[in-house]
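Participant: Spelled out, the chains give:
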Amino acid sequence: MEAATMPTSDMHRRRRSRNIALGLALAAWVVIIFLVSLVKVSGQ
Amino acid sequence: MTIVTDNRYPVATDVAPASFEAGIDARASDFFALLKPRVMSLVVFTGLVGLVLAPGSIHPIIGFTALLCIAVGAGASGALNMWYDADIDARMSRTLSRPIPSGRLTPDDALAFGLVLSVASVLSMGLLVNVLSAALLAFTILFYVVVYTMYLKRRTPQNIVIGGLSGALPPVIGWAAVTGTVSVESLSLCALIFFWTPPHFWALSLVKAGDYGAVGVPMMPNVVGPESTRRQILAYSVLLAPLGTVPALLGFAGVAYGVAAGVLGLAFLGLAVRLYVKRDNRSAMQLFGFSILYLFLLFALMLAERLAGLS
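As given, the protein sequences belong to chains F and X, one line each in that order. Each residue of the first sequence is one higher than the one before, starting from 1 at the first, in the working numbering. Each residue of the second sequence is one higher than the one before, starting from 1 at the first, in the working numbering.
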């Protein structure tokens, strides 16, 4: 049997880049909420 | 092929026949373009100045978060504007290459993106900064999208006058992020941008009147003619020149700013007079170009003075 290797199309590359951007944005949002929480807790 | 049944988008599909992959095939940069980064940078800059000039202090992380929320909220407004205006964007050379008319994104992509970012920015501002700045941000987004984009833009030549309020509010939001209040000082910054907007846009629309007229957007030169538009530009410039010095008169900007604002205001007025007398496109573009420099310099001077401890 021939191994099924699907070439990465341009569409897949674009989708991946979009997912990476979305992941980074969400991660940044989580970091900001964490940091602001620290600031607010330490301020009380 | 998608069959677009909404009559508001026929032109977008005429220009760039969208496949069902239009949204799937989009790059992250296409979504970024929806945020209108250049407009966003001006909004963030004026918001930063409001935040820095406000009395009191704010933790740098919370200040950064406030600016981020302002940026995302402004970007969301841009995305929703592009969603609603996709039909006319496809018919103007200046906007033809935007993500929706070029077929790289579907209108639904832009709508979802804009709504999610609007809600996220307002909620984040409310939870992480304060409620007043969140309320002001929500008002700004709603005013830009619903009042300006959906109602005023296609109905009245006063569109950018009234709609300009949304572009004028970021310093008020930045100020409110620090103080939790709206004050005369922050409103004076708002007024400065508000009265700057008509001569800025009308100078450009004098040159681009054909583009706007072709898509049925009632910009001032198309409705009342270039002569009356030039007169109104002059009138707003007369109001704007002294208004620029108000931050110094109120005491939250320094003497250097006051002098510079006076000189720059006279230069603005001089270019408006020249446009009124010479009646040519070159004078209109010079005023348009100078208007950008004028607003940038005023806000940069206020910022520099405060950071240098001179005000």
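For the record, the hints were derived by calculation from the structure and aren't laboratory data. Everything numeric in this text was worked out from a predicted model, so none of it was measured. Heads up, the beta-carbon is just placed ideally off N, CA and C, and yes, glycines get one too. A couple of the hints might just be wrong.
Label-pair ranges, simulated between beta-carbon atoms [as the list claims (entries may be wrong)]: (1) Leu38/F x Ile292/X: 35 to 43 Å; (2) Ala120/X x Ser17/F: 18 to 26 Å; (3) Val41/F x Val215/X: 50 to 58 Å; (4) Glu227/X x Trp29/F: 46 to 54 Å; (5) Arg38/X x Ser17/F: 20 to 28 Å; (6) Val146/X x Val39/F: 30 to 38 Å; (7) Leu266/X x His12/F: 39 to 47 Å; (8) Ser37/F x Ser93/X: 43 to 51 Å; (9) Phe32/X x Val39/F: 22 to 30 Å; (10) His12/F x Val131/X: 38 to 46 Å; (11) Val215/X x Val31/F: 41 to 49 Å; (12) Gly43/F x Gly225/X: 42 to 50 Å; (13) Arg38/X x Ala21/F: 17 to 25 Å.
Chain F regions said to be covered by chain X (calculated; three or more residues, Cβ under 8 Å) [claimed, not checked]: (14) 12–25; (15) 28–39.
Participant: None of the hints should be skipped; say for each whether it holds.
Facilitator: Hints and how they fare:
no., hint, in the structure
1, Leu38/F x Ile292/X: 35 to 43 Å, "holds, 39 Å"
2, Ala120/X x Ser17/F: 18 to 26 Å, "holds, 21 Å"
3, Val41/F x Val215/X: 50 to 58 Å, "holds, 53 Å"
4, Glu227/X x Trp29/F: 46 to 54 Å, "holds, 51 Å"
5, Arg38/X x Ser17/F: 20 to 28 Å, "holds, 22 Å"
6, Val146/X x Val39/F: 30 to 38 Å, "holds, 34 Å"
7, Leu266/X x His12/F: 39 to 47 Å, "violated, 59 Å"
8, Ser37/F x Ser93/X: 43 to 51 Å, "holds, 48 Å"
9, Phe32/X x Val39/F: 22 to 30 Å, "holds, 28 Å"
10, His12/F x Val131/X: 38 to 46 Å, "holds, 44 Å"
11, Val215/X x Val31/F: 41 to 49 Å, "holds, 43 Å"
12, Gly43/F x Gly225/X: 42 to 50 Å, "violated, 58 Å"
13, Arg38/X x Ala21/F: 17 to 25 Å, "holds, 20 Å"
14, 12–25, "holds (count 7)"
15, 28–39, "holds (count 6)"
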